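Please model the complete structure; the sequences and the hints are all you need to start from.
Those protein sequence lines, which keep their order, are chains A and B. Its first residue numbered 1, the first sequence is counted upward by one per residue in the numbering used here. Its first residue numbered 245, the second sequence is counted upward by one per residue in the numbering used here.
Treat the hints as calculated values from the structure; they're not laboratory data. Predicted model, so just to flag it, every value in this text is computed and none were measured. Fair warning: there could be bad hints in the mix.
Unchecked claim - Some chain A residues well away from chain B (every beta-carbon gap over 10 Å; in silico):
hint	residue
1	Ser23
2	Ser26
3	Ser50
4	Arg86
5	Asp192
Stated by the list, open to error - Cut-off 30 Å, straight-line C-alpha distance, at most; resulting in silico cross-link-like pairs (DSS-like, lysine-lysine):
hint	chain 1	residue 1	chain 2	residue 2
6	A	Lys208	A	Lys49
7	B	Lys412	A	Lys102
8	A	Lys181	A	Lys222
9	A	Lys222	A	Lys49
10	A	Lys102	A	Lys76
11	A	Lys102	B	Lys488
12	A	Lys222	A	Lys37
13	A	Lys130	B	Lys412
14	B	Lys291	A	Lys130
15	A	Lys181	A	Lys102
16	A	Lys49	A	Lys181
17	A	Lys102	A	Lys222
18	B	Lys412	A	Lys76
19	A	Lys208	A	Lys181
20	A	Lys49	A	Lys76
We put the beta carbon where it would ideally sit given N, CA and C, even for glycine.
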Amino acid sequence: MNDVTDGTEDLAVNLRGATKSFSSASNFSILDGIDFKIATGEFVALVGKSGSGKTTLLRILAGLESATSGDVIVPKARTVVFQEPRLIQSMRVWENVVIGIKDIQDLRALANASLAEVGLENLAENWPAKLSGGEAQRVALARALCRRPKLLLLDEPFGALDALTRLNMQQVVRTLCSRYKPAVLLVTHDVDEALALADRVLVLSNSKIALEVQIEVERPRKMGTGNLLEFRNILLRSLGVESD
Amino acid sequence: MSVSARRLLLRLVLPILILVVWTWLAGSTLVPELTMPTPLEVLRQWKIMFDEDDLIVQIFTSLTRAMTGLAIGGAIGFLLGLSAGISEVVENVVDAPLQMMRAIPFIALIPLFILWFGIGETPKIVIIALATYYPVYANTSSGVRNVDGRIVECAQSFGVSGRELYQKVIIPLAMPTILTGLRLSLIISVLALVAAEQINAQSGIGFLLTRSTGYGQNYAVFACVALYALFGLLADLLVRALEKVLVPWRSGVALR
Numbered sequence: 001m002n003d004v005t006d007g008t009e010d011l012a013v014n015l016r017g018a019t020k021s022f023s024s025a026s027n028f029s030i031l032d033g034i035d036f037k038i039a040t041g042e043f044v045a046l047v048g049k050s051g052s053g054k055t056t057l058l059r060i061l062a063g064l065e066s067a068t069s070g071d072v073i074v075p076k077a078r079t080v081v082f083q084e085p086r087l088i089q090s091m092r093v094w095e096n097v098v099i100g101i102k103d104i105q106d107l108r109a110l111a112n113a114s115l116a117e118v119g120l121e122n123l124a125e126n127w128p129a130k131l132s133g134g135e136a137q138r139v140a141l142a143r144a145l146c147r148r149p150k151l152l153l154l155d156e157p158f159g160a161l162d163a164l165t166r167l168n169m170q171q172v173v174r175t176l177c178s179r180y181k182p183a184v185l186l187v188t189h190d191v192d193e194a195l196a197l198a199d200r201v202l203v204l205s206n207s208k209i210a211l212e213v214q215i216e217v218e219r220p221r222k223m224g225t226g227n228l229l230e231f232r233n234i235l236l237r238s239l240g241v242e243s244d
Numbered sequence: 245m246s247v248s249a250r251r252l253l254l255r256l257v258l259p260i261l262i263l264v265v266w267t268w269l270a271g272s273t274l275v276p277e278l279t280m281p282t283p284l285e286v287l288r289q290w291k292i293m294f295d296e297d298d299l300i301v302q303i304f305t306s307l308t309r310a311m312t313g314l315a316i317g318g319a320i321g322f323l324l325g326l327s328a329g330i331s332e333v334v335e336n337v338v339d340a341p342l343q344m345m346r347a348i349p350f351i352a353l354i355p356l357f358i359l360w361f362g363i364g365e366t367p368k369i370v371i372i373a374l375a376t377y378y379p380v381y382a383n384t385s386s387g388v389r390n391v392d393g394r395i396v397e398c399a400q401s402f403g404v405s406g407r408e409l410y411q412k413v414i415i416p417l418a419m420p421t422i423l424t425g426l427r428l429s430l431i432i433s434v435l436a437l438v439a440a441e442q443i444n445a446q447s448g449i450g451f452l453l454t455r456s457t458g459y460g461q462n463y464a465v466f467a468c469v470a471l472y473a474l475f476g477l478l479a480d481l482l483v484r485a486l487e488k489v490l491v492p493w494r495s496g497v498a499l500r
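Right, dumping it as structure tokens:
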């Protein structure tokens, strides 16, 4: 079902009529004929209420679930940062970063370089249990990025972090994504986070892409830069939040 | 006082108390004369056995039996537990028979074992293996089954699969539970040793014990039993050492 190809030159993700229903008995589909594309190097945020199916959509792109019907074209080189760090407790931090990589000789050097990018080079020898939530999530980010993915899938990666750590993490993600330019799909319920990071924001509602907003505001963005507030109101309204 | 000195002291409190009560009890009129040696007399008895009965060789013989039986039983328990933990099909196939086998009082089978396996080392090792497979099986299977599926999914999404998935992810994460099983099996292997060594033993602690019982040498009986208790302590030390090697990462996860 999921055609794993490297897509075309300028297109990383191409979804056509992707539909997902969990039981054949009911007619309800959590995703109903979803169409969207992500260009190479484009940062797309997908927002939606809890239970709207945004994580399911991400899992389909990750190949962790398959669509009931429809065409899914994604690059082979794709990695996920999950909501929880999901580090393997029995492996040291650096081993977690390079887990599963087989075609590189000096894994330690790769791990160290990747950890340095997220500011954790001196924790390479630690056990994951010793890390704080923010540190663990940065390790998860290093693990996803050191493979130089063509598509980076972020599933509410900052959801469990405190507000300050979250801002730091967003900064790290922004810097690293602009350096390596993977196509990114960020799943989040936080409109401000989507606006801070994304080139384009999609709203998932009632099993469909209900709204698509191109955020043409230069970075770094602060609340109030350009017409961010206007975008914010549009997005919140489509999510059923009335703001003044 | 340093933490390790304090820990050692705490560990010694109860054994010392027991030695004191034991010494007092052995010298009192509460127990019939000549039926309970004092700790000092046990030491003296060990010295006699060391001189007259090659005590070191006997200990070595007994421990070899226990470890061989445990290695076989533990390996079977581990492999079955791993398979049952991974696959529901395997669990459905093997679990009920293993539970039934566990309920069989293997000591009652000793006469049959002698008919089946003779009176050499084989029946002794079979008994110990039969007595020890179960804790390792049960703990391995539950340890593997309880590994967080999200972690496994994540490892798979980063290209870990097949043998590597078991070696690097599933077995290490199940290891604390597996070691709990091994700890129980180690103790049981010492208990089973007593039963096993009643089969025509010409050597080993069980042989000394049987012989001493036959001659009514109560002090020697006591000295042999005290040896088994020491084996129990050794078993515990062994598992603690294994824990340090196999689950070094746990110090940050565990409650303490």
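Indices of hints not satisfied (ascending): 4, 14, 17
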